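Chains as they are written, first to last, in the working numbering: chain A, 1 to 324; chain B, 1 to 268; chain C, 1 to 277.
Some clues are possibly wrong.
[To be verified] Computed list of chain C residues with no C-beta within reach of chain B, every gap over 10 angstroms:
hint, residue
1, V26
2, R33
3, A63
4, R101
5, T104
6, P114
7, L116
8, R127
9, E188
10, G196
11, T203
12, P211
[Claimed, not checked] Simulated restraints on C-beta separations:
hint, chain 1, residue 1, chain 2, residue 2, range
13, B, L208, C, W144, 47 to 55 angstroms
14, B, A95, C, R270, 38 to 46 angstroms
15, C, W15, B, G92, 38 to 46 angstroms
[What the hints assert, rightly or not] Heads up, incomplete: computed chain C residues facing chain B, CB under 8 angstroms, no partners named:
hint, residue
16, G42
17, G44
18, T61
19, H271
Treat the hints as calculated values from the structure; they're not laboratory data.
Source: prediction; values computed, not measured.
All C-beta atoms, glycine included, are put in the ideal place defined by N, C-alpha and C.
Spelled out, the chains give:
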Amino acid sequence: MTVIRTEELTRSFARKGTRRHPLARPEQLTAVDGLTLTVEAGESVGYIGANGAGKSTTIKMLVGILIPTSGTVRTCGLEPVRRRRTLAGRVGVVFGQRSALWWDLPLRDSFELLTAIHRIPAAEASARTADLVERLEMGPTLGTPVRQLSLGQRMRGEVAAALLHRPELVILDEPTIGLDVLSKQRLREFLIEQRLEHGTTLLLTTHDMGDVARLCSRVVLVDHGEMAYDGTLDGLAAQVGAERVLVVDLAEPHPDLAGLPGSRHLGSEGEGLRQRLAFDATATTAAALLAQVSARVAVVDLAIEEPDVEDVVRRVYLAQQRDG
Amino acid sequence: MRSTLAVYLRLVRVGLRTQSAYPLAAVAGVAANAMFGLIKASILLAAVASAGGALRGYDAATMAAYVWVSQALIGLVQPWGGSQIAASTRSGQVAVELVRPLDVQGAHIADDVGRGLFGIVPRTLPTLAVGALTTGLFLPHALAPYVLGVGSALLAVVLSSACRYALGVLGFWVVDARGLQTLYMVVGSFLAGLFVPLPLMPHWLQALAAATPFPSLLMAPVDVISGRVTGPAAYAVLAHQGLWLIAAWALGAVLTRAGARRLEIQGG
Amino acid sequence: MASAPDPAGPRPAAWAAYRAVLGSRVRARASYRIPFITDSLGAGLVGIVEFVETFLVFSATGAIGGFDVHAILLVFALAEIGFCLGDLAFGHLDSLPEYLRAGTLDIFYLRPQPLLAQLVTSDISLRRLARAAVGVVILGVALWTNAIMWTIPRAAMLVLALVCSPLIYAALFVCAAGVQFFTVNAPEMPNAFTYGGRYAAVTPASVWPGPLRIFFGFVAPVAFTGYLPALVILDLPGVGVLAQPLAWGLPLAVVSVWGIALLLWRTGVRHYQGGGG
């Protein structure tokens with residue numbers, strides 16, 4: 001079953017303050033431009049792009065908040081704006097920046113209110129709530145007002161809130177932003193579990209390529225409102241090259257570590273005390289490169305930087321430019 | 001000293017510019033002022049007429065002047081009780097402000113005054129125009145009322161900012177200030193003579209009002225500009241406003257220091 | 001999945017959700033007992049001040065527009081009770097600009113309920129009851145001091161007014177909310193509808209100039225919330241069209257203003273959602 005289908009979906013906004021005189025039409029900003037996307041049930045799609053690429057606008061159109069300027073969109077087979085209320089029972093959304101919970105009430109009250117709003121029968125409501133609370137380890141925080149929760153605790157609450165009514169489709173807008181590594185990991189595992197058990201379709205927007213790598217079988221990349229890539233993550237890496245960065249802190253200042261096979265020197269700080277080396281993840285590994293560095297100089301500390309979404313987008317863009 | 005004044009004047013300009021980003025708000029303000037003004041004028045002028053043309057010292061002309069000058073000054077004087085300091089204490093932003101080498105109270109008041117002053121062209125003047133076109137304005141022909149009136153209006157604007165600042169700084173102690181603000185707005189505008197000119201009140205109520213800064217916010221500049229109070233009495237009114245300004249500023253300063261100390265102890 | 005027959009039992013009724021949300025709000029407020037009391041006292045004081053403003057004008061002279069100070073008490077009471085109850089139920093719509101600025105309105109779209117219903121029921125200010133109580137007291141005084149010759153039609157008009165007046169003010173709050181979508185940073189204009197309407201309602205329509213009579217008589221029909229019913233109950237002549245027979249059109253006035261309200265609301269929502277580019 002097709003859970004999301006859009007055809008030439010377009011959404012333009014009038015840019016404020018760009019009228020040359022009061023009767024002139026203001027400049028149009030096209031946030032989403034001719035997006036054609038199909039997502040089948042059970043898929044897990046990473047929807048990535050730089051800020052302002054049109055991701056949030058697309059989500060709003062999928063859910064029925066915004067009306068498309070042109071093109072069609074069907075979510076769970078329904079037209080989102082006209083059938084919004086029906087659709088609301090079949091889609092769960094987690095907005096990273098806005099809370100769906102009641103700020104001043106304990107977490108459990110929010111869950112109760114939401115099960116009432118979705119008209120879930122009492123027995124099923126308590127069973128479902130208990131299940132989610134257990135899996136997301138929220139037992140200790142149930143009595144805490146949401147405004148006193150940490151970001152990690154709150155995000156788990158938001159995810160639970162979005163899943164209470166057993167939606168077919170779950171859309172998550174930047175769900176791991178600001179979370180520590182452990183919280184991210186737990187959240188990702190939970191989402192994978194849900195998908196396996198209930199066949200829930202996931203659409204995830206994120207800046208974190210780690211999210212995409214661990215959660216998504218498919219990557220859709222948008223750039224300035226247009227689809228720039230739709231395929232697997234490996235395909236994307238193959239297309240743009242998968243460069244990671246090894247950051248080494250040395251025992252003492254050392255001249256630039258240039259010329260190591262499979263890597264290129266990006267920069268040095270502190271007169272060579274800290275050096276950044278980019279390497280092609282398909283050609284060599286971090287461990288191999290580290291061994292080479294260690295052979296030359298004592299390494300005190302190290303870190304590995306993953307490519308972030310902006311980086312990937314930029315490289316897709318450059319690759320497309322290069323290929324004409 | 002001189003450079004401090006320059007800083008505050010710049011803050012006033014900032015407040016002005018902030019308001020200028022919302023031209024629609026000014027138009028909305030004129031519409032609201034005009035609507036309330038028309039209703040106010042119709043009831044009060046009818047009252048004067050039913051009293052045989054003279055009501056507690058007002059005739060039709062002076063009543064019309066009262067109605068429209070008071071409506072025109074609302075935008076400047078902002079009797080609705082809000083203040084940025086309240087939001088600042090709620091969000092904790094005030095902790096940052098207290099660290100700056102700038103008097104928190106002075107900065108807020110300067111900014112607020114700027115916002116109020118912005119309304120002169122887009123709100124005050126059009127409201128007077130509406131009055132002129134509907135009931136007629138009957139403003140004085142001499143120069144003195146306007147010169148003194150500008151001074152009185154300026155004092156009123158700053159006094160209003162100082163009063164609302166003092167109210168807002170209670171946010172250090174009170175969690176939900178909305179009830180207080182509504183109370184300030186309704187009681188304050190009543191005692192300021194917004195809906196009913198003060199002479200229509202019984203003497204004890206006028207005495208009560210005189211014990212508050214509110215008449216100095218609105219009734220005072222209205223009286224001076226409309227020419228109801230002239231000569232030495234007008235100077236007395238301005239002096240009265242000045243005294244209230246000092247008192248309100250002092251109160252605000254005391255509360256700010258107390259609030260800052262509370263913040264230091266409590267940690268916000 | 002959401003519409004399959006439920007083995008877990010019957011689905012709760014739709015209104016149960018509204019009751020749950022409102023109930024949680026009421027409980028949350030009631031838990032702050034001291035602020036609730038002071039807020040209520042404050043609201044009561046506001047009601048008293050509003051009354052004094054009207055009272056002062058009418059006691060300063062004889063009859064104005066055919067209404068003396070006793071008669072205006074009735075107009076005031078009916079309008080004020082109507083406004084307070086309408087505000088109690090629908091006043092939370094005043095916060096719409098805050099939701100719009102913070103972007104939090106979108107959360108309501110995720111729930112399977114109408115947007116307006118959610119906004120209206122998402123909070124309630126019980127302290128407004130204190131202000132309504134002031135209105136009720138004044139109504140009692142008005143009914144006693146006016147030496148009304150009670151007939152069945154006049155009693156019926158009193159009941160009709162008490163029922164319809166809140167509905168009219170509720171509609172004005174919805175009108176204002178619809179306009180707020182266009183005037184996010186200029187909330188004064190829509191508020192002029194609601195608070196201005198209330199102000200107009202406590203002045204007799206006979207003093208209004210033509211344009212005001214048309215606007216507050218037929219567009220935002222606050223004349224029907226106090227003035228017109230008082231004409232019937234006190235057996236007073238009106239002015240022009242705004243006379244006793246028109247008072248019986250109260251239900252039509254309610255329907256008409258609600259029609260305008262829902263139209264403005266729909267237009268505002270469509271603007272927010274970007275319909276029509």
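Okay, the hints, checked on the actual structure:
Listed as a non-interface residue, C:V26 keeps its Cβ farther than 10 angstroms from every Cβ of chain B; the least gap is roughly 16 angstroms. Distance to chain B confirms C:R33 as a non-interface residue, since its nearest Cβ pair spans about 13 angstroms, more than 10 angstroms. Interface exclusion of C:A63 from chain B breaks down, the closest Cβ pair being 6 angstroms apart, not more than 10 angstroms. Every CB of chain B lies more than 10 angstroms from the CB of C:R101, the least distance being 12 angstroms, so the non-interface label holds.
Distance check for C:T104 against chain B: the nearest CB is about 16 angstroms away, which clears 10 angstroms, and the non-interface claim stands. Separation of C:P114 from chain B is adequate, the least Cβ-Cβ distance of about 27 angstroms exceeding the 10 angstroms criterion. The claim that C:L116 lies off the interface holds: its Cβ sits roughly 23 angstroms from the closest Cβ of chain B, which is beyond the 10 angstroms cut-off. With 10 angstroms as the threshold on Cβ separation, the claim that C:R127 sits away from chain B is violated: the shortest Cβ distance comes to roughly 7 angstroms.
Its beta-carbon lying about 5 angstroms from the closest one in chain B, C:E188 breaks the requirement of being farther than 10 angstroms from that chain. Against chain B, the non-interface label of C:G196 is violated: not every CB pair exceeds 10 angstroms, the least being about 5 angstroms. Here C:T203 does not stay apart from chain B, with its beta-carbon only about 4 angstroms from theirs, under the 10 angstroms limit. Remark: the non-interface label on C:P211 conflicts with the geometry, its nearest Cβ contact in chain B lying 8 angstroms away (cut-off 10 angstroms).
A beta carbon spacing of about 28 angstroms between B:L208 and C:W144 contradicts the range 47 to 55 angstroms that was offered as a hint. The supplied range of 38 to 46 angstroms is met by B:A95 and C:R270, whose beta-carbon atoms lie about 43 angstroms from each other. Hint check: C:W15 to B:G92, Cβ distance near 40 angstroms, so the stated range 38 to 46 angstroms holds. The interface hint given for C:G42 holds, since its Cβ lies 5 angstroms from the closest Cβ of chain B, which is under the 8 angstroms cut-off.
Look at C:G44: its Cβ only gets to about 10 angstroms from chain B, farther than 8 angstroms, so that hint breaks. The restraint placing C:T61 at the interface with chain B holds, with a minimum CB-CB distance near 4 angstroms, inside the 8 angstroms limit. With its C-beta approaching chain B no nearer than about 14 angstroms, C:H271 sits outside the 8 angstroms limit, and its interface hint is violated.
Against the hints set out earlier in the document, violations occur for numbers 3, 8, 9, 10, 11, 12, 13, 17, 19.
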